[in-house]
Every structure is written in structure tokens, then in C-alpha cells.
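Based on the provided sequences and hints, a complete structural model is requested.
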Amino acid sequence: MQQPFIAILIILLTIAAYLAMVKVYQRFTYPILIPVLTTTVIVILGLLAFHISYSDYMVGGKWINALLGPAVVALAYPLYNQRHIIMKYSFPIIGGVFAGLFTGMISGLLFAEVFGIKRDLILSILPKSITTPVAIQIAAGLGGVPSMTVVFVMIAGFSGVILGPRIMKWVRIRSHLGKGIAFGSASHALGTSKAFEYGELTVSMSSVSMTLCALLGSVFGPVVVWIFQV
Amino acid sequence: MKIFVITIQIGILYLFHMLGVWISESLHLFIPGSVVGMILLFIALSTGKFKSKWVSSGSTFMLAYLPLFFIPVTAGIIKYPEFFTVKGLLLIASTAVSTFLAVAATGWSSERLVSKKKASVNALD
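From first to last, the protein sequence lines are chains L and G.
The numbering of the first sequence is the UniProt record's numbering, which starts it at 1 and goes up by one.
The numbering of the second sequence is the UniProt record's numbering, which starts it at 1 and goes up by one.
To be clear, the hints were calculated from the coordinates, so they are not data collected in a lab.
Take the hints with a grain of salt, since some may be wrong.
Said to hold, decoys possible - In silico SDA-like cross-links for lysine to any residue, where the CA-CA straight-line distance does not exceed 20 angstroms:
{"id": "1", "chain 1": "G", "residue 1": "K79", "chain 2": "L", "residue 2": "I52"}
{"id": "2", "chain 1": "L", "residue 1": "K169", "chain 2": "L", "residue 2": "Y198"}
{"id": "3", "chain 1": "L", "residue 1": "K62", "chain 2": "G", "residue 2": "L15"}
{"id": "4", "chain 1": "G", "residue 1": "K49", "chain 2": "L", "residue 2": "H84"}
Written as C-alpha cells, this is what we have:
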């Protein structure tokens with residue numbers, strides 16, 4: 001009797017917080033106010049304030065989470081609408097994804113090495129630019145800690161979404177094509193959700209790059225580990 | 001009426017998702033079910049037999065709320081208080097800097113690869 005009531009309450013409160021944060025973001029478009037980040041902060045503060053555990057939150061949260069799968073499937077629609085332009089630019093897409101994947105993995109390894117991070121943590125950071133479900137499997141396959149990988153994947157997502165546009169301005173990435181490929185391959189699905197602010201072409205470039213990055217990452221993750229003798 | 005169409009179409013998307021999960025699990029693929037579902041829907045649309053208007057409203061709706069569906073996962077960071085220590089912050093900073101490098105490298109090289117290929121103007125606006 002009580003369980004469904006709590007679940008519905010959690011769902012409604014999360015949606016209400018999200019919609020309010022969308023309004024805030026429309027009013028003040030600072031990158032740090034991106035709704036997915038502000039709403040996450042509100043949820044965490046709410047859980048801490050009322051001493052609710054994460055597993056209790058997930059009684060309702062799992063229903064929202066269940067929509068993530070069909071939403072990823074829905075990315076096929078903009079992808080289909082933009083199919084001709086994707087085929088036309090397949091070379092820059094593949095090249096960009098490769099560049100981003102290797103830059104991300106190798107720089108991650110170097111930083112971890114400099115800071116003297118333990119091996120299992122290094123292996124957990126490696127797939128950070130890849131969408132969560134695939135990153136978990138890559139980390140597990142390499143001998144990392146999958147639950148830690150989830151956190152690194154989120155940090156990669158948030159940092160790309162919040163400061164990515166500024167980096168793009170610095171290195172003069174001006175095209176929707178370049179921005180989309182960069183968002184998708186460095187910041188996976190979170191980057192793709194940010195790409196919606198730039199239009200359908202950017203979204204499609206981002207979702208195709210995200211998918212390609214996941215495929216190539218699962219193949220080349222072990223190769224990078226082998227080359228660098230982690 | 002609109003809400004009815006959207007609901008049915010989300011149902012269709014969900015079926016593709018379930019099919020994707022089933023394929024991914026039974027073939028032990030390293031690609032997650034949702035991505036397999038996306039590829040399946042894309043193939044279905046490409047055949048021309050499966051009309052894009054059958055999923056257009058549902059997809060547009062789902063994608064408009066995409067960030068909302070991440071929140072339960074992202075709130076899971078609460079389980080790792082060790083990220084809020086000095087070493088944790090160092091790891092967060094390294095991950096962020098590494099991501100910035102990836103953004104720069106990706107965007108830069110893809111734009112270079114386009115301009116070599118006598119690009120049409122519209123994609124580079």
C-alpha cells in the first residue's frame with residue numbers, strides 16, 4: 001500500500017524538480033545551470049536532508065530510469081532523418097571519433113600515472129568517454145571496478161557538457177558537424193542531450209559518434225591497456 | 001489525441017528496446033540492448049517498409065525529455081563519498097581535463113578531415 005505511493009511521490013518530485021530547473025536554465029543560460037546537473041544536485045540534497053538512501057530513492061527512480069532505454073532507441077529517428085549527411089561525412093566522423101577516443105584514453109592514463117592512482121582505478125577511468133552500459137562492460141573486462149566507472153562516465157559527461165562549448169570556442173570548432181562529433185565521442189549520451197541545443201544535425205552527429213565510440217572503445221580499450229602495459 | 005499517439009509510439013520504441021536487450025543478451029554482445037534497439041530501428045526505417053511517422057511523435061517527445069531519464073543514474077554518485085576527498089577531487093579534475101582534450105582533439109580533427117574533402121558549406125556553418 002505504502003510502496004506505490006512513495007514511488008509515485010518520488011517520480012512526481014523528480015519530474016517537478018527537473019521541469020523547474022528547465023525553466024531556470026531558460027531564464028539564465030549559464031552552462032553550469034544545465035538541468036540534468038542542477039536536478040541531480042537537488043535530488044542528492046533532498047536525499048541527504050531527509051536521510052533517504054539511494055536504494056529507497058530508486059523505488060521511484062527505477063521507473064524514470066526505465067525510460068532511458070527507449071529514449072536511446074528514439075535516437076534512431078534523428079539519425080534516420082540525417083542519414084544522407086552522415087554517409088557523406090563518414091570519413092570525418094570516424095576520424096574524429098578515433099582522435100577523441102585515443103586522446104581521452106591516453107591522457108586519462110597519463111594523469112592517473114602522474115598522480116599515482118592504483119591499477120584497478122586506472123582501468124576504471126579508461127572507458128570514461130563511453131556510454132554507461134558499454135563502459136561498465138569494458139571496465140569489467142579490463143579488470144576495473146564497474147561502479148567506479150559509472151562515476152567517471154558521469155564526470156566526463158558533465159565536464160564536456162558544461163565546459164565543452166568553451167573549449168570548442170578556444171580551439172575554434174565552429175561547425176555543427178565538429179561540435180556534434182566532439183559532444184558524442186567525449187561525453188556520450190549526456191553530450192548528445194546537450195547537442196539538442198544546437199539542432200538536429202548536431203544531435204545526429206553526436207549520436208552516431210557516441211555509438212561508434214562505444215563500438216571502437218570496446219575493441220581498442222584492451223589494445224591501449226596492452227600497449228601501455230598498465 | 002496527440003497524447004494517445006505519443007503513448008502508442010513510446011510503446012513501439014519500448015518493443016524495439018526489449019528486442020535489442022533480448023538480442024544483446026542471447027548473443028552475449030558487448031553492445032547494450034538499447035544501442036542494439038537503436039540500430040534495429042534505424043535499419044527498419046532504412047528499409048522504407050517501416051514508416052518514420054510511426055515513431056516520429058514518440059521519438060520527439062522522448063528526446064525532448066532525455067536529460068530527465070539520466071537523473072536516477074547520476075544521483076547514484078551519492079554512494080561514493082570518497083569522491084569528495086582530496087584524492088577524489090584530483091581524479092575528478094583529471095577526468096575533466098582529459099575530457100576537454102578529447103573534445104578539442106575530436107572537433108579539431110573532424111573539421112580538418114572535412115575541409116580536405118571539398119565540403120559543401122551547410123555542414124560547416
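Hint check:
{"no.": "1", "hint": "K79/G <-> I52/L", "in the structure": "12 angstroms, holds"}
{"no.": "2", "hint": "K169/L <-> Y198/L", "in the structure": "14 angstroms, holds"}
{"no.": "3", "hint": "K62/L <-> L15/G", "in the structure": "18 angstroms, holds"}
{"no.": "4", "hint": "K49/G <-> H84/L", "in the structure": "18 angstroms, holds"}
In this structure, none of the earlier numbered hints is contradicted; all agree with it.
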